[in-house]
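Here's the letter readout for the chains.
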Amino acid sequence: MRIVVCIKQVPDIAEMEKMETDPETGNIIREGLPAILNPFDEYAMEEAVSWKERNGDEVIAVTMGPPQAEDALIKCLSMGADQAILLSDRQFAGSDTIATTWTLAGAIRKIGDVDLVLCGQQAIDGDTAQVGPMLAENLHIPQITYVSRLVLEGKYITTTREVEDGYEVVRCKLPALVTVVKGINIPRVPTYNSLSEAMDKEIPVWGAEDLDIEKDRLGLPGSPTAVTRVWTPESRSQGQVLRGEPSELAKQLAEVLLNPLQN
Amino acid sequence: MGIKIILDNCTGCKKCMTGCPFGEIEVIEKKALVKEGCTLCGACQEACEFEAIEVDRPALQSTADLGKYRGVFVFAEQHDGELRSCTLELLGAGRRLADRLGQELAAVLLGDEVEGLWQNLVAHGADKVYLADHPTLGLYQTESYAAVLTAVISKYMPSIFLFGATTTGRDLAPRLASRVNTGLTADCTSLEIEAETGLLLQTRPAWGGNIMATIKTANDRPQMATVRPNVMKKPTPDTGREGEIIPIPVSLDPKGIKARVVEVIKNHDWSVQIEEAEIVVAGGRGLQNAENFEVIESLAKTLGAAVGASRPVVDSGWKAHSHQVGQTGKTVQPKIYIACGISGAVQHRVGMESADMIIAINKDPDAPIMQIADYAVVGDLFQVVPELVKELKSRRKKGESAI
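Quick note, the sequences are listed as chains A and B, same order.
Heads up, the first sequence is in our numbering, so the first residue is 152 and it goes up one at a time.
Heads up, the second sequence is in our numbering, so the first residue is 16 and it goes up one at a time.
Heads up, a few of these hints could be off.
Stated by the list, open to error - In silico DSSO-like cross-links for lysine-lysine, where the CA-CA straight-line distance does not exceed 27 Å:
no., chain 1, residue 1, chain 2, residue 2
1, B, Lys83, B, Lys231
2, A, Lys261, B, Lys19
3, A, Lys366, B, Lys270
The hints are simulated quantities; they were obtained by calculation from the structure and are not laboratory data.
With these hints in hand, go ahead and build the complete structure from the sequences.
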């Protein structure tokens, strides 16, 4: 069985304050920011690799991004991916979620015979959770999102899908796409040896010419949405500081809680 | 736009027939035949395992066609025959946009025996209710819902289509946007109409709320957005409002659905529903252990609030992941967020900073959470919280409390 894990390199959130945006396109300038593998994608990687260890599946990590996104793929290799592919081309620049999906789908079709596509539930920079379902649609395969438990049995998967008021058990024949939540597993920490082995592996780079996709589906021209304005919201400032005896504090808080509209 | 059967690939297996929600495809002499009423919903293409069906929807519609798309549509999410509160919030937001454009507001309601909900949708602002009522639509399943909504878009051509940013909306809307090839903006917190162009301005937080971005879909329709629950105001219902109900006949075969919900397990513990709660009481490392979480739960119970947790609490196994607020948990936007013993690392703040009011209870006056709190209570949570519970209960007895 062949599993493709779609991953994204994201900026480290703790460094957010430093970033800038392109005044013309409104897109974020990523250069100079420390980057990490999207935390949700680590769970997707772990899930794929743990099934590989049980069933001998083949695991391929794929990302679309700038050349330095290779670092995130090295992490995937060190976690146990058999192969990693970087989709990088100037023509991919400025992609919104739908254009990203066209590129990823092109790569997955080129890889061929993929049984299961795994994604993190969302990336921590955009937080949209859109790429998974859009990719599934593009590939004409079913999707199961927000999965906290995944069981592979031959050509079928049984999943537990987390919803607001409980969970659903969803069963599906492969091929399918699954997006995973944090609770699904505990990702392994790569060892020094696995990391150094991963660094020696070659990571092929595929550009627009390598994928069978019409040009107007890619990058900025292929993106129906456009960011027209970006701004930093006024940061919250401290209101009142309350000190004193617990019973006094409780009285003041009760006032606030019982009359929230007056505050 | 069109649909084509590639006869060489067609095996006559009838999967497309089973998959069509509208009974518009037949298999005659071992080949699929599309009937005139085809809505181009794409369900047959999804069902086909032999790549024998092509549905052609050009990605870039010519700008001349954009004017044909009119009206604001809202996906009326219901569970077990009850409307989600975000549906009513969407109707409020949708009504305002529709009035601004001088166009109609429609609600699209899917479910099993849910017709009784239509008047409520009208009372909350809908001019029209499109209703697809069928046993197979009783549970939300991506494929059947996406097929019916694609048909609605093809036939009624809305200019704007709004969804709640729930696990349902965030599963369905991207599937649909990709199928009809249009733009989608996730988790909007503000929606406006641009005066000069009449385009929908969709504003959302990005990068964990450190940045706000306004996004528009200029050349594709419908303009689609999911809207974060709890942000838009619910309109006051007017039972005298008049509206129209338009049935959408469907003939779904449950066998045609690939990803099937085989079991639903309800969590009757409402305290986990942190995304829709008006008040969230959250605990952090300051609780010291799982047992001490009782302090938090007792306050939450007194206030009718949901219970949140910071990442260290979840990683230590004191609380289930479904309670986690923050970067790798949930983003909440309640009216009141009470953070107890939470230091407020940026990874936590991005999940709750948009709350209307923040109360922080912490021994350390310099903790980051205290710097963004409207009420920064310097004190020991193990003393302050039980006192607060006592105070609230005694006031309730005296009849002072509405909560």
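Hints versus structure:
no. : hint                : result
1   : B/Lys83 x B/Lys231  : holds, 18 Å
2   : A/Lys261 x B/Lys19  : holds, 24 Å
3   : A/Lys366 x B/Lys270 : violated, 38 Å
Hint 3 from the earlier list is the only one contradicted by this structure; the remaining hints agree with it.
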